[in-house]
Amino acid sequence: MLSVNHFDDSGPDRNINLYSSTKKLSKIFTVEYLSNIQHQTNFISVRVKDMASKPIELAALGRPLFPAMLYDCREDSFIPGVTLWDRKSLSEDLDTHPQLMTDLKFSTSDSLSSKSSLLNVSASLKASFLGGLVEVGGSAKYLCNTKSSNQQSRVTMHYSETSRFDQLTMTQLGQITYPQVFEQKTATHVVTAVLYGAQAFMVFDRSSAEDENKQDIEGELNAMVKKFPQFSIEGEGAVKMTDEDNKKAENITCTFHGDVHLEQNPTTYMEALEVYKKLPTLLKENPENAVPIKVWLYPLSLLDTKAARLEREISTSLIANTEDMMEELREVEMTCNDLSRRTEVNIFSDIKARLHSFQDSFSIYTTVLQKELARVLPAIRGGGMEEQSLEDTLRIHSSSPFNANLLNQWLDDAKSELYLLNNHSKTLNEINIEDSDGLNGILLDPDIDVVLCLTFTSLKYKDPYLSTLTEFLKSDKFKELDANKTLLSVTSDRKWFKDPDVIAKMRENLRLFKRFSEANKNEKSIRFIISAISNPSIPGSSIYLYENGKVTDTKFQCDYRTVLFTQQHIHYLNSFYINNHPLGVFGAS
1 MLSVNHFDDS
11 GPDRNINLYS
21 STKKLSKIFT
31 VEYLSNIQHQ
41 TNFISVRVKD
51 MASKPIELAA
61 LGRPLFPAML
71 YDCREDSFIP
81 GVTLWDRKSL
91 SEDLDTHPQL
101 MTDLKFSTSD
111 SLSSKSSLLN
121 VSASLKASFL
131 GGLVEVGGSA
141 KYLCNTKSSN
151 QQSRVTMHYS
161 ETSRFDQLTM
171 TQLGQITYPQ
181 VFEQKTATHV
191 VTAVLYGAQA
201 FMVFDRSSAE
211 DENKQDIEGE
221 LNAMVKKFPQ
231 FSIEGEGAVK
241 MTDEDNKKAE
251 NITCTFHGDV
261 HLEQNPTTYM
271 EALEVYKKLP
281 TLLKENPENA
291 VPIKVWLYPL
301 SLLDTKAARL
311 EREISTSLIA
321 NTEDMMEELR
331 EVEMTCNDLS
341 RRTEVNIFSD
351 IKARLHSFQD
361 SFSIYTTVLQ
371 KELARVLPAI
381 RGGGMEEQSL
391 EDTLRIHSSS
401 PFNANLLNQW
411 LDDAKSELYL
421 LNNHSKTLNE
431 INIEDSDGLN
441 GILLDPDIDV
451 VLCLTFTSLK
461 YKDPYLSTLT
471 EFLKSDKFKE
481 LDANKTLLSV
491 TSDRKWFKDP
501 DVIAKMRENL
511 RLFKRFSEAN
521 KNEKSIRFII
531 SAISNPSIPG
541 SSIYLYENGK
551 VTDTKFQCDY
561 RTVLFTQQHI
571 HYLNSFYINN
581 HPLGVFGAS
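All residue numbers for the sequence shown refer to full-length UniProt numbering, where the first residue is 1 and numbers rise by one.
Hints in this document: simulated from the structure, not taken from any laboratory. Any given hint could be a false lead.
Stated by the list, open to error - DSS-like, lysine-lysine: derived pairs with alpha carbons at most 27 Å apart:
{"#": "1", "residue 1": "K141", "residue 2": "K226"}
{"#": "2", "residue 1": "K278", "residue 2": "K426"}
{"#": "3", "residue 1": "K147", "residue 2": "K371"}
{"#": "4", "residue 1": "K105", "residue 2": "K284"}
{"#": "5", "residue 1": "K415", "residue 2": "K284"}
{"#": "6", "residue 1": "K555", "residue 2": "K460"}
{"#": "7", "residue 1": "K226", "residue 2": "K214"}
{"#": "8", "residue 1": "K214", "residue 2": "K105"}
{"#": "9", "residue 1": "K278", "residue 2": "K105"}
{"#": "10", "residue 1": "K555", "residue 2": "K505"}
{"#": "11", "residue 1": "K240", "residue 2": "K277"}
{"#": "12", "residue 1": "K88", "residue 2": "K105"}
{"#": "13", "residue 1": "K306", "residue 2": "K226"}
{"#": "14", "residue 1": "K371", "residue 2": "K426"}
{"#": "15", "residue 1": "K306", "residue 2": "K277"}
{"#": "16", "residue 1": "K415", "residue 2": "K371"}
{"#": "17", "residue 1": "K505", "residue 2": "K415"}
{"#": "18", "residue 1": "K352", "residue 2": "K524"}
Predicted, not measured: the structure shown is a model, and the values here were computed from it.
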């Protein structure tokens, strides 16, 4: 990650804590003033005895977190419409300072960890986001923007700017207007300070084909995005770019997430460049449009012992394990998306049905898993559960058929099956692949007398692993995991495309079909196609012969040893036998 920082010392570059300076609060916690030589300001070090007396610094993430807003740290949610003070008290005693800073960063990572770092999201808040407890807005929607394909290369540019720092004073803390709020126990903290500003994320993507070097594409994209600061120096006139850069820019798309209002969000590289040049002026011209970037939360229990408390925080290591689990599932989703776009999937209905079954089960499971996190996280923080509850959830996941290893194993098998089919279509690149409807249409064509079809016969089969996924979803494993039940492994099922004898037979059929189709490609009354018809008695593939719309041979052998039953066969196949029989025309005759 590359970071370029620009600071403006016209305002106090400091974070002002309100959690001291009165005798009333001095009995609750100890305050130690430390001298900061660099900024010549005082910072406050707070020694706390428990989680309830610890102030919290929190990323706003596009949420309306303003001074005096009540906040529940158990669920990471704000409480609108309820306050401890009246409007007059808040407006009269609010302390405001300018705090100016701009920052420009670049990132090539698409992980949640990297995104959280750019937005200064704490581990606890990240866990809440993973559990679906936090609804982000504005620039923070960047957290939700994940790659949908492994073929995507991505570079993100992050521009941030701060403008002012607002804080409550001790006047408010000492004079509560509505003390009955404490008894409601809906909130654990109150927002006592807010840092305002604006952020913008420009996410640049470039898709690469399977035969392209993805590493080269990523390097090219990274170089193009990092040229933005150089291009902006050109001023108000048109941006000057080389022909090579212009050509590269045509393949780059942009997604914008920001706290500033634009007439139209950029979708191309050139549009993004124009927006980038305007970003520094957008907030300066409209300072009232600044939004909360970071907030400071003060525990309500320090103001009144009847208030709800944040009893405990979840350990960083456990949150990291949760993040790893969700990242693995995201990788599975990307791979699944890539497979669903394959031509073979959309043509062969049996493969499509299996992939859709996998996707449906996976989608249901991830939704259930996120709901489980949303149930467990607040309960742990509020003291209703121990951390062991989250550990149990992770353990159940790792023991389930939805663990990443088994999911990826199934996807690897699916890729192997598709690769085999794709290899056939590439070898026979001039021959169309037809689904069942396409095949029937050709058989009904009165101008076509003979159809030879290279037929995949083993695409329809029962997949025990998919059945296991479905059965698992029917049981409530999150409440009680049956440790005695042995879950089915993907490797326990022998797939047809892993049988070397089947593969050898398919290679032979492919070779013969290719030679025969090339020898008769000019015969208009013969049609050569590729399709799929389930036939368990002929594993792998076979060559089907159709005459006048009816199948006459399901194991047609396209070589000089073939016995021709009709004079019509001799007419159509004559050229192939003459060209391929070792005795030439005499042998064919």
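For each hint, the structure was consulted:
1. Distance check on the hinted pair: K141 and K226 sit about 22 Å apart at the alpha-carbon level, within 27 Å; holds.
2. The hinted pair formed by K278 and K426 fails the criterion: a straight-line CA distance of about 49 Å is larger than 27 Å.
3. Between K147 and K371 the CA atoms are separated by roughly 23 Å; this keeps the pair inside 27 Å, and the hint holds.
4. A hinted pair counts as satisfied when its Cα atoms are at most 27 Å apart, and K105 with K284 qualifies at roughly 20 Å.
5. Simply put, K415 and K284 have alpha-carbon atoms about 52 Å apart, too far for the 27 Å limit, and the pair is violated.
6. Between K555 and K460 the alpha-carbon distance is near 19 Å, which keeps this suggested pair within the 27 Å criterion.
7. For the suggested pair K226 and K214, the alpha carbons sit about 18 Å apart, so the restraint of at most 27 Å is met.
8. With a CA separation close to 23 Å, the supplied pair K214 and K105 stays within the 27 Å bound.
9. For the hint linking K278 to K105, the alpha-carbon distance of about 17 Å falls within 27 Å, and the restraint holds.
10. Between the alpha carbons of K555 and K505 the distance comes to roughly 12 Å, so the proposed pair stays at or under 27 Å and holds.
11. With a CA separation close to 14 Å, the supplied pair K240 and K277 stays within the 27 Å bound.
12. Simply put, K88 and K105 have alpha-carbon atoms about 40 Å apart, too far for the 27 Å limit, and the pair is violated.
13. With a C-alpha separation of about 53 Å, the suggested pair K306 and K226 falls outside the 27 Å cut-off, and the hint is violated.
14. At most 27 Å may separate the alpha-carbon atoms for a hinted pair to count; K371 and K426 exceed this at roughly 44 Å.
15. Between the alpha carbons of K306 and K277 the distance comes to roughly 52 Å, so the proposed pair goes past 27 Å and is violated.
16. With a C-alpha separation of about 31 Å, the suggested pair K415 and K371 falls outside the 27 Å cut-off, and the hint is violated.
17. Distance hint between K505 and K415 is fulfilled; the C-alpha atoms sit about 20 Å from each other, no more than 27 Å.
18. Annotation: proposed proximity of K352 to K524 is violated, straight-line Cα distance about 32 Å (limit 27 Å).
Violation of the numbered hints given earlier is confined to hints 2, 5, 12, 13, 14, 15, 16, 18; the remaining hints are satisfied by the structure.
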